Every structure is written in C-alpha cells, then in structure tokens.
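Student: Protein chains in written order, with the numbering used here: chain L, 1 to 74; chain E, 1 to 677.
Bear in mind the hints are in silico, worked out from the structure with no lab data behind them.
Fair warning: this is a prediction, and the values are worked out from it, not measured in the lab.
Note that CB positions come from ideal geometry on N, CA and C, so glycine has one too.
Careful, some of the hints might be misleading.
[Claimed, not checked] Covered by chain L, according to a simulated footprint, are these stretches of chain E (three or more residues, beta-carbon under 8 Å):
| id | region |
| --- | --- |
| 1 | 161-170 |
| 2 | 346-360 |
| 3 | 608-619 |
Residue strings, one per chain:
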Amino acid sequence: MTTTYQPVEAAPKPVEQRPHVLPEERPLEMPHQDMAISPVVTNIVQWLRLPGDAIRNALSFRRRRETQETHHVA
Amino acid sequence: MSRESIARIALLSLTVLTTIVGATVFGMILFSHSISIMDVAQLLIFICLFALVAFSFWSVLAGLLLYPRPTTPLYVKKTQGTVKEKDVVGHAAPERVAICVPIYQEDPARVFAGVEATIRELVDAGINHRCDIFVLSDTRDTNIWILEERCWQEVLERNHDSGLQVYYRRRKFNKARKSGNIEDFVKRFGGSYDVMVIYDADSLMAGPTLKEMIARMDAEQDLGILQAPPRPVNRMSLFARLQQYAAAVYGPVFANGLRLWTENDGNYWGHNAAIRIKPFAEHCGLPVLPGTPPLGGEILSHDFVEAALMRKAGYKVRLAEDLDGSFEECPTTLIDFAMRDQRWCQGNLQHSALVAREGLHPISRAHMVMGILSFVAAPLWALFILFGVAGVLYDMYVIEQVPDVYTHWGWSAGVFIATMLMLLIPKLIGTIHATGRRDEKYNGFSLFFSTILEVVASVIVAPIFMAFHSRFVFTILAGRSVEWGPQQRTESGTAFGDAVNAHGLQTIAGIVLALIGFWLSPDLFLWLSPVYFGLIFSIPISMLISSQKLGYIARRLGLLIIPEEINVPRVIRRLNESEPHYQSLVDSLHDTDPLTHLLNDVSLLDLHLRVLDANPEYQRDDDEQLERECGLAYHGGSSYLQPADREKLMQSPASLRHLNHKLTGQTAAKQRAASRA
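With the rest of the complex left out, here is chain E:
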C-alpha cells in the first residue's frame, strides 16, 4: 500500500473517530432531558462542522509526522535544485515554456512592472531562451487598454536585450472570462510550447523557482500540473498583513498536511502553476454547465475542474509545497476580500453539479466538496447558533426546564475547548516551527505576540465572514449571479459610507442577537458574545482592520512581519524598483481620452494598429456606423462618441487609418493655407 493510501486511511479514520467522540458528547448534552427537532438539527450541523475542523487538525498533525521538518522558509533553506541533470536525460529538446499573464482591467503599472521583474529573473536564471511571455488582456476599458499597450511598448524598449519575446494580445470578446482567455491562448499558440506557467495579474515568481518548476516538468513527463503555493506579500494594511503573516507562518504546516493526502492527486489554484499544454488542450476543455447562472452556465472556478480533468486523464497534479519564491498580492480591505470570496463562492457552489460526474478521481471530488464546504460552513454555523437559541427557548418556555446546555455546563465547555484546541494547535505548531529562525527583528517574542494578534483578529472577524458567506450562499442559491468585476488591489482603506453599506445589516443582526441572549439568560448572553461582538462592531472593525496606518504601526512594533520583509527577495525588489517608472508613465497618460491620445501620438497609433493587425478578431469590414463614427470623431473630436462607439472605433484598424489620413490631410491643408497667408 502506498504512503498516501496509508495516510488517507489514517486521516479518515482519525477524523471519523474524533467526530464520533465529539458528536456523542454533544448529543449527550442535547438529548439529556428531551429530544426536539432543533436538537437533532443542531447535532447534524455540529457533526458536519466538527468533522471539517477535525480533518484539518489531523491533516496538519499527520503532515508533521511524515514531514517532521516542514520546509518553513522561516528556518529551513528550501529544497530548490532537487532535480538533478540525470533525471532530465532522455528528453532531446528542453521544454518550450510560455509564461501567461491573463489580465482584466488591472493596474497596468503593476502588471508590466511584474512582467519586467519576471524577464530579469528569467535572464538571471538562464532560462530566458526557453521562455516567452504572453500578456493576455481581457480589458474592456479603452483607457486601460491604451495604457497597457503603452506599458508593453515600454517593457520591450527597456528589455530589448533580454533574449526573450514579450507578446501582447487583447481579446475582442472576453468569452468565458479567465478560463476562456487561457483557452484562446492554447488554441492559437499552444502548439509552439510544451509547458505554460499561469500567472495572475498580481503573481510574482522568482527565477530559481521557475527554473526548478520547469526542470520538474521536464523530469516527469506525466506531471500535468505543478502548483507552487503562492504566498501573499507586499501589502501594508493591517488586514493584508494578518493574511500575509498567517500564510507565512501557518501556511507551510497546512501545505505539508495537504501534500500528505493529495500527493499526485493535488489541486490547481488558478495561478502560480506550471501546466503541460498538450494534455491540457486534449482533456481540460471546460464543459458549459446545464441551466443558467449562478449555478449553471460557464464555470467560474475553472481551476479545480481543470485539475480534476487532468487527473482523470491520468496525469499527475502535484503541490510543490517545498518551493518558495512564489508570490501574490492579497486584497487589502475586509470588504475587498469578501467581494473576492463572493466570486469564489459562486464558483465553488457550481462544483456541486460536477462532483458526481463520471470518471473523476475520488480525491478530485474531495477537493470540490471541501471547496463547497468552505463556503457552506458559514450558513451552517449561523444555523447552528439559531437552532441553539431556539433550543434554549424551547427548553425554557415549552417544556419549562433548565436548558440542557446549562445543566451540563462542564461538558459544553469541554466541547468548546476541544474545538478551539483543534483550531489553534496547528497555528501554534506553525509558530513554534517559525521560531527556529533566529533573526534580529524576527524573534520568538515577536512571533508569539503576532500569533496572539492574528488569533484575536481571526476570532473578531469570524462572525463578519460568517454573515458575508451566509448571504453569498443564500443569494446564489436564490438565483442571483455575481458580476465579474476587476479585483481591487490598491491600499485604499475603507470609507465610512462603504463600511455602512457592507456591514449595516450585520450590525443590526448583532444587536438583535445580543438582545435575545440578554433577554433569555445571562449565560446565553455570555456564550453568544464572540458572535454578536464582531457583528455589532463590524463597521469600525472593518475600517480599522483595513487601515494602512495600523499596518505600519504593527510593523514598527515588530508584529506580523514576514520573512520577505526581512530579506526582500530579488524578484520583489525588482518589482518595487520598476513600479514607480511604470506608474509615472501611466500617470502621464491617465487623464487623456484614449482615442485622442491614439490620434495625437503617431507611434502609439502605429503600435495599436499592429496589435489590431496581428489579431484576426479585429479584421472585419467597416460598416456604415463606423463610417459615421469616424465622421463624428473627425468633425467633433472623440468626446462626440459614446464609450461603446469609441471602443468599436478603436477596434477597427481600417477606421483608425481612415481617420488618421483625414486628420493628416486636414493638418496639411491648414499648413498650406498658413504658408499662402
């Protein structure tokens, strides 16, 4: 029996055993005097939630047993360079690699500064001759589109001697969102490459990490997807710093546990992963789900499904938990984080239609189920609380006796403490491992207080996320779809009005819950306090935790510091050095109308026309409407056009050339008239 099979059986047995013990004790408390429908419902929900917590706990502990020295970047040098030359022998030609950066209305300065950092990393790693970079734009905003083209031109000029090609492609129609964007790349250019490394707009990967990933793909031809765990970095708000700290300190411990039971049946998280293109094209074309959105239609969270299809086709999908040098940037405010969760929630709930599909590996099904449960857990928790309160009401006013929870106070506290321990021990383990690294700024004292701060913050925001996730699940089940908006990645903080909009109902719900608890009994009021406290103060909590200033204060106090802030990796340094240059370029163009800018700057127009000419999507005949729009733009300027018409005009090479010739002719006529005068 393989190691992962033993691990899976052990993990499942321990989870079931722990859940049985927990459920038995909780059942004894609930059913000690009477059995009501609320008690039964509460017990069923308890079993689901307790099993999830137990599984996560045992997976971390088992991960520690089999990987006794987790490769935490805080104290152990990473095992990079594990693939030896001999492993790669047998492949006549090294893999051709495309690094794909799909973007949608992102900040062009950040995107292209990241591209520049990547180019320099690839050059330093000596793999530039094997790689091409594709910036795959789905941007709709014409202003951002032009800025992207300008920044792309700048990248080319500043890195002309890099020895690798940087291509830019904007889709005319962004069918199927990000997965459609990648699919379009594979269908058109996939034949030229063996492996693609998928980035997100905020992804960043170190050269040695990329080199190692490509070497591993070279060495194992049946490795379909290799996922490098991305670590959030480079953000300053308190909320972002809490996420960064959790990922840096607890992340490796959880990743070890995950690797233990997934092994070659791992998952794909949508970015910072290497994918073998040919099997991806053959086996990972996404189906369109029957029915209409939100649960039907195009698959939103494509990554889990692509991983499941790759595994179904017999290729390995693996987590490279031992690699560092893989980064991303996280949302900086609690509201932005929740908005991202809303998209993920819809995507994960869609997987409910796929879990039972034929031929999927059981572990692929498990990934989908766990994804669904990660969101469904919130309404389950809310229902658990509601059933608990209803149970107390029933005991007090219907059968007129002391509620079960109070008569067995000791047992109730025991279940609560056991649950808390299962949640906290993995974090404690992560912290203890991290103290292995002795650093002037990063010592055990700072780690200890940072973990306390992170745990306290997690407890405070947990009911807020419970409320958000519950709302998302219910609205999606009620048939309301999620808009596909770009992710907010700036350090903007949260304004009072936005906080009231997002958390107003949560505040009211918290006050109502506290009043009910107070009215029923002081004990219940105390039990419910962790829930209603977070809800009542959700508005100030959201504003404070999203504040950049508090993040700076924490940093100055030596709290929530991540290793990447002590020894800044070269790739992050490069990004931070390049970003101001691209930002100033973007700022200099930002206020100009994009069409006017195109027509005024002939070199940009030339570049834009080449972008259009290279893309067959844009080669269509101009109709009368475009002629009319040309006329409007010619006589009245770009402001005479509606944004949609302006976009059409900017997508038409023939119209732009026509307009350029008319305007050039006008200039020439004026010059002739001036010389005559």
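Chain L on its own, in the form it takes in the complex:
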C-alpha cells in the first residue's frame, strides 16, 4: 500500500488554542560556584604531609649520595 503524504502546513489545528511549546524566555544568570578548599584544611594537609615529605627527602638524599659514591668509585 502506498503512503499518502500531506504537507505539514495542512496539519489539522486543535480545536482549542494551539498549545505553547515553551513560554517566553526570562533568563537568570547561574554562575558556577568556585568551591575553594578551606585554608584550615589546606594547613592540616600540609602539616600531615610534613613527615612524608621529610622521609621522601631523606630517601632521595640517600639515593643521590649512593649514586654519587658509585660514580666516584667507578
């Protein structure tokens, strides 16, 4: 069976007033909030990092020294 197509302009109009798809736009600004980390927490994190950093520094110092000694021996 062949389909009979109709022009879209001939679409039957609803009996009632044609519904609005969307209302008139009345925009609001919605800026994205900048949620910075609290300075208190930043300080705590830095304090917590201190022992770790100290160990890491000590290890890298030892490794550098060992490398230097190896070079020296070589």
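Since the structure of chain L is provided, determine the placement of chain E on it from the hints.
Tutor: Just chain E, lined up with the frame of chain L:
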C-alpha cells in the same frame, strides 16, 4: 542555646559515650592475650561502624523525646494546613511556581499519566493558576522522544480546560545530566517563577501537599529548599514491598530524628522538594570537580551539594517531615536497586572532594560525610570480617592459643546483642507507633509479622549489599566510572541468567568463607553463618525476593501492607486510572520507526516541528550530510539511516520540512499520474 544546638550536643555526646563503651569492651576482648596488627585494624573499623549505628539509634530516640507523637501517617492525621493566612501577609503577589519533571528515557506512559494526575491535583487544590508544568526531557532514544511528544499532546488535549500550561522541552545535548537539565530550565525560564518543585520521573505529590509546601515557601522568604520525604508506593514485587513497608512504618520515626538535628540545616534528596529559584540560580551553580571521572568531573549527586550551597548562602534548607502525600516508586528487583546504588555510590564518593570546601555549614559537611559512610560502611564491614578471621588464624597458628573471641564468648555475644538492639529498637518503635492505627486489614498482628519478615529479609540481603557496595567502592576508587543508564522501573522480576551474572562471584565468596570458617572451628563457622548464608544463596534469594508473585502472596496474607494500599490517596488513584490510557497510546505507536511515524502522521510532524522551532538549540544550518540523509530517507525510507543519522535528521526542522515537501510532491505526482491513467 537553640533547641537544635542542644539536640546536636546531646546526640554527639551520647554517640561518643556509647562508642567509647562499645570500643572498650571490644578492645578488652581483642587485646586480652596479645595485640596484633589485625586486632588494631579490627578495633578501628569497629569504632567507625559502631559509631554510625549508635548515632542512628540515638537520633531516633532523641527524636521521640522531642517529638513524642511522631506524625506517623498510620495513626495520626497529618498537620497539613499549618500555615495560616496571617503568615503569608506581606507578600503582594503569590509565588509563581514551576513544577519541573526532568526525564531521561523513562516510560512515557507513566510520566504523562503522572503529569495528568498532578494537573488534576493542582486544579482541585485551587493552585492551578499559580503553576506551570515543565516536562524537561533529556531522552536520547528517538523512539521514546516521539512517544513523549505524542503523550504530551494527549495530556494537553485531555486537560485543555485545566487553566495551567504544560510545557515540553527536549535538550539537544544532555550536558551535566539531571543537574544540567534543571540548570538549563533555570537559565532560560527561571526569571518567570519564584519557586520550582522538582519531581523525579516517578514522583507523585498530592494537591494539598503541594499547596502546603508552596504556602510554607510563601510564608518564609528565607526558606531556600523544603524537602517533603517521598514514600515509595505502587510496587508489587516482594523486594519493593519490603522497602515500601520499611519507609511507611520506620520512615517517620527516622525522619523525626533527622529533623531534630538538622532543623534549618537540612538536606535535599533531588526530588519532591520545593526550591526558591533566585537564590538557587545565584548560589547553586555546581562546580566541575578537578580531575577526571569517577571522582572528578561533573558532580553526579548534585542534591547534597546544592543543599550545602543554598545553606552557605544563608537560606534555610528544611525537611517537611510532617507532610505526607509525597510519593515515589522504588526499584522492584534487588539488582535494579543495586544498580541505582552504584550511581549514588559514585556521586557520594565524589563528595569527599567537597567536604572540606570553604564556608560550608558543619551540618552540610555532616550530610556529605554520612552519605559517604553509607557506602564505605560496606567495605569496612567486609574488612572487619576478614580481619576477624585473620585474627583467629593468627591466634591459633602463630601464637598457638585459643582465640580471644572464644575465651570471652559472653562479652563477644554482649557486643553483638547490643549492636543488634541498636539496629532493631528503632524498627520496633516504628512498629509500635504504627499499631496506633486500628484498621480492619491493618492490625497489630499483621504489623508484628510484617516487621519480623522485614527484619529477616534485611538480615538475609545485608551481606549481598555488603558485597555489592564493596565492589562499587573499590571499582570507583580504582578509576572505573558509572554509565548513566535510565532507571528500570517495571515489575520485570529477575531472570536466572541475570542473577548468575550479578551474584556469581558473591556465591563463590560465600562458599569460600563458609569453608574457611568450617576448617578453622565450629564456633567461627557459626559466627560467620549470617554472612555466608546470604552470599551462598544470593542467586535464588535475588530471584525470589524480586518476584511479583511472592509480593502478591504477602499482600494476600495481610503482610507488608502500607497505608496507601488501604486508603489509596486520590493522586495515586488518578495515576492508576490514567496510566492504561497512555499505555495503550504508547503500545499503538511503539513498533513504528519514529521517523516513518513522523512523516506519516502530519499532525505529529507539526507538533514535532513546533517543539524544534521553540528551541534555539535546534536552529542550525543544514549541512551537506543532512541533505544526503534527506535523500537517503526520501529514496529508501528511514531504515536506510543509521540511528545517529536518524536522530540528526529528526533534530533538524529544515530537513524535516524539506523531506515532507519532497514526499508530498511525490504523492501529488503519483496522484496526477493515476488520474491521467
């Protein structure tokens, strides 16, 4: 000092005190002979878990003290209509309200039957002239998109005399998921409204409840978010009925406790809530987290963060625990529930990056921490068990002595019983309060056995959820993100293959745990039985508990019945009456290819073009590709197109008009040829 400050201090003190007592007794048991690293780890985990249980317990008890008659819908008439006219004096114009229904690939019949029920509720409540409804679609599936448009048209035709507008908007790009969907609404249309009521696809709210919420927003201009606790209803599987029963009977007791310590620093649960739009726009634009998903990127669980930002801006966020008439529908199978939890788990773990952000109210931080802990508790519990077994092994084979847990059997049992009591007493309180309502079908006998059934089911499924949540937490921490899929809301049950896929590993884990316990000692085998039983039988448990048939049997026996099944609220009745009509409409169109359907039905094409024309996103120039696609569709039909191309074509008003004209011309030519012949 305010009442909530006293409540918070009392609650915290009681929680700390209880935890200290529990930890001291447990520490005495663990460290009686020796101290190993496993013992220390187990004690630390115990403290975390015990504190959570103690906090929940004391919050319920304290809630009862300050609210001695919790407004349980089972026995006390709700305090609706508490806002008097005099409270609202001073606001020249009443608030304009937008009811927003964000949807994503949902069942259009359910969504629009819900919209129709809401329209009629608003009319009956006399607030239709103040409200507009926005169906905000993020649907990608073109078939569902067309069905949504068709159902929307049907809603308009059936409710043309309602006096309120129902708008439909589909986003071309669903940036930032649900929060982006709402943000798009606020940015484009927010200026026309004072308050928005956010629904979920399965939300339902009674007219008087909406009216009361709007009145409360009217009366307190610094009330930013008012959350009505949604109660799950309308589902029949045994698993869903267990959730519905728990929410109906225990929910009000827990809500009272929550309201007690949150007061104006409450939380937002993403739907069934009224939000003041202007401050929401100004202060609640979500940041994008640094890093990549799963822990970075767009915020998934936006609700907690929006509540925290609203509170930070100085607006009150409150739980309306005294209101009923706020409903939702819950997942019907255990696997669907777990899938939803997976999304929530990722969202809650993301909050770990926000807890320490500057300026947040301490209670907002507490909400986030509790959200995180609700998921992290599962792996902690799993580790607690593993450390316990490792501790027994250590005692038996390394230091060769009787394990501490056995030598202090009485104390161990005491800690266990104390924990169980703290978990069960709130449920018992909820049940006792519910017996206040004497009903032919809903008596104390039925409540008592329903609670026993719910407790037994909770114990059985607890290890299954422990396994699920542990996996979610570890996979998310390992960097695997969650796909954003639509929620399964139908009563489909669980097929054997799906159950094996979801629970296969859990079954193996349960068998291994039982064997280890059996190998080590009969006592340990007994202690571990609540854990491995649920895991070993997770496949049949999942299938049985998700069964609709067992739900019907429970209902016939008078078990797990909720008040909404005895006196069905008008809004639920309306939904149930409308849904078959929309379902038959959907069924009649479901098998047709969406593009073919559009081209064949000129009134639907007209409607679709109006949807596109009203949305600036769709106004783009057609490129050569679309011309080519038009040609393909014209010569070969819609099946010649790939789904992505079909979606592009359906999003292009110019191409659709072009195609319609070509096809119309073809028809006219054929008709001319036929008349000549």
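Student: Each hint needs a verdict: does it hold in this structure or not?
Tutor: Status of the hints after comparison with the structure:
no.	hint	in the structure
1	161-170	holds (count 5)
2	346-360	holds (count 5)
3	608-619	holds (count 6)
Consistency with the previously given hints is maintained throughout, with no hint failing.
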